[in-house]
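Read off the chains here:
2 protein chains.
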Amino acid sequence: MTAEVVPTAAALVIGNEILSGKVQDTNSRDLALLLRRLGVRLEKILVIPDDRSQIAASVAHLSKCHDWVFTSGGVGPTHDDVTIEAVSDAFGVRTVTDEVTADLIRAHYGARCTDGHLRMALVPEGANLDVTESVRWPTIRMHNTFVLPGIPEVFRMKLAVVEAVIGRHRPFVSHAVYTNMDEGHLKPLLDAVVALFPDIDVGSYPTWTDARFRTKLTFDGLDERAVLDAKNAFLATLPSGEPQWMEP
Amino acid sequence: MTAEVVPTAAALVIGNEILSGKVQDTNSRDLALLLRRLGVRLEKILVIPDDRSQIAASVAHLSKCHDWVFTSGGVGPTHDDVTIEAVSDAFGVRTVTDEVTADLIRAHYGARCTDGHLRMALVPEGANLDVTESVRWPTIRMHNTFVLPGIPEVFRMKLAVVEAVIGRHRPFVSHAVYTNMDEGHLKPLLDAVVALFPDIDVGSYPTWTDARFRTKLTFDGLDERAVLDAKNAFLATLPSGEPQWMEP
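Residue numbers (this note's numbering), protein chains in the order written: chain A, 0 to 247; chain B, 0 to 247.
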């Protein structure tokens with residue numbers, strides 16, 4: 000059996016508003032859920048300020064270390080939107096106006112169109128401008144780096160383009176078991192299943208707020224048979240009355 | 000006028016459950032809001048898996064680059080809880096049992112106490128174990144690195160200890176202005192105020208879902224007078240009928 004090559008990814012969330020706590024980042028979680036479904040391993044989420052040199056350095060580094068990179072934020076027309084220029088810096092290219100996008104902007108704003116609006120047509124030179132049937136506004140991708148907007152509704156809309164471009168790999172499978180045992184008592188049982196199934200990612204999550212259970216266990220992997228075998232091996236070691244319930 | 004030295008911080012969120020999208024991280028935002036109030040600049044949030052060598056490398060790096068580091072997650076007793084050992088690795092010390100914590104654990108679990116439970120008494124050798132009047136369970140801090148639990152309710156509880164240890168600096172001041180103008184039209188007005196007030200962090204955030212306004216502008220800084228001056232300079236340039244409203 001040869002080891003399966005799983006594509007990897009990193010998310011770069013850009014915005015002072017996240018670091019100051021004004022806004023709760025939800026884009027990285029929406030991305031995480033999509034990538035899980037597509038069989039891509041999200042290895043890192045990094046949140047940094049609207050700072051051109053920091054963004055450029057992060058994109059340059061992440062795009063070398065992961066198969067896919069997704070930036071979120073900093074693509075509007077104002078002074079604090081520096082992501083496009085930073086991505087250009089990261090790949091050593093100029094920032095240029097994409098005329099197709101510029102025409103879309105002129106058509107949208109008509110006589111009210113300003114130089115400010117047209118800043119939204121700037122792209123790193125040589126970028127791919129991906130469109131799909133349902134998302135016709137171009138989505139900027141520079142090599143392996145998608146440049147996505149920070150507004151959550153628009154970010155989510157663009158995920159359809161991400162899915163179309165990177166395609167579906169073997170999706171991750173996840174099963175959950177809910178118990179009333181605490182982690183101290185679960186530890187030897189978990190150690191046993193982890194030793195038997197090294198390829199399965201076994202997670203243990205205690206709750207302090209849900210009265211229906213004490214610890215949630217998760218069994219994740221790419222091979223559904225192995226995930227089920229690990230879960231069943233664990234279930235066989237539980238005392239009577241356990242588990243409380245399972246998902247799915 | 001000498002430049003004010005603002006303490007800096009980084010958050011290291013540890014957990015496969017965040018990267019797989021099972022759980023929405025909210026700890027980093029709770030931390031961000033506290034640090035804002037305390038006058039500490041949160042410069043980076045990094046989310047990585049439950050991987051000892053990755054955690055160790057990240058802690059070693061972040062603790063050198065920032066005044067304070069806050070880890071979240073990976074401090075329970077199970078196989079996927081490797082943060083304590085990783086923090087020890089980062090600082091080149093052994094992981095040892097803290098007898099005070101071990102006694103608390105034994106008192107709590109009584110006859111049901113297992114070796115698994117006692118793993119929660121492990122600390123990096125030489126760590127500070129901070130307590131406050133209200134949070135008597137020791138909070139682990141290795142030099143400038145707080146090691147906080149991932150469970151949101153417990154994380155929030157520990158923030159009282161963080162506040163007690165790092166103290167209050169000059170808090171950040173933030174004012175917000177809500178307008179019906181779009182960013183393309185706002186850009187020249189914002190550029191003007193940014194040029195006049197380089198020390199003020201001016202943010203511009205369009206909404207796609209709130210019908211009451213089109214763009215939220217924020218004015219943040221440490222000097223309340225300068226924040227108000229920047230806001231007022233901007234307000235003076237708005238057309239009649241604007242802004243829609245302001246906060247505070």
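If you are wondering where the hints come from, they were derived from the structure by calculation, not from laboratory data.
Careful, some of the hints might be misleading.
For chains that are exact copies, the list does not tell them apart, and a pair is met inside one copy or across any two.
No farther apart than 16 angstroms at their CA atoms in a straight line, the calculated lysine to aspartate or glutamate pairs in the EDC-like style are these [what the hints assert, rightly or not]: (1) 43 - 246; (2) 21 - 42; (3) 63 - 88; (4) 215 - 246; (5) 63 - 42; (6) 21 - 181; (7) 21 - 219; (8) 21 - 114; (9) 21 - 246; (10) 43 - 181; (11) 215 - 181.
Now for the hints, and whether the structure bears them out:
no.	hint	verdict
1	43 - 246	neither (26 angstroms within a copy, 35 angstroms between copies)
2	21 - 42	between (26 angstroms within a copy, 14 angstroms between copies)
3	63 - 88	within (14 angstroms within a copy, 26 angstroms between copies)
4	215 - 246	within (10 angstroms within a copy, 41 angstroms between copies)
5	63 - 42	within (13 angstroms within a copy, 23 angstroms between copies)
6	21 - 181	neither (35 angstroms within a copy, 20 angstroms between copies)
7	21 - 219	between (33 angstroms within a copy, 11 angstroms between copies)
8	21 - 114	neither (29 angstroms within a copy, 42 angstroms between copies)
9	21 - 246	between (34 angstroms within a copy, 13 angstroms between copies)
10	43 - 181	neither (29 angstroms within a copy, 33 angstroms between copies)
11	215 - 181	within (10 angstroms within a copy, 46 angstroms between copies)
Of the numbered hints listed earlier, those contradicted by the structure are 1, 6, 8, 10.
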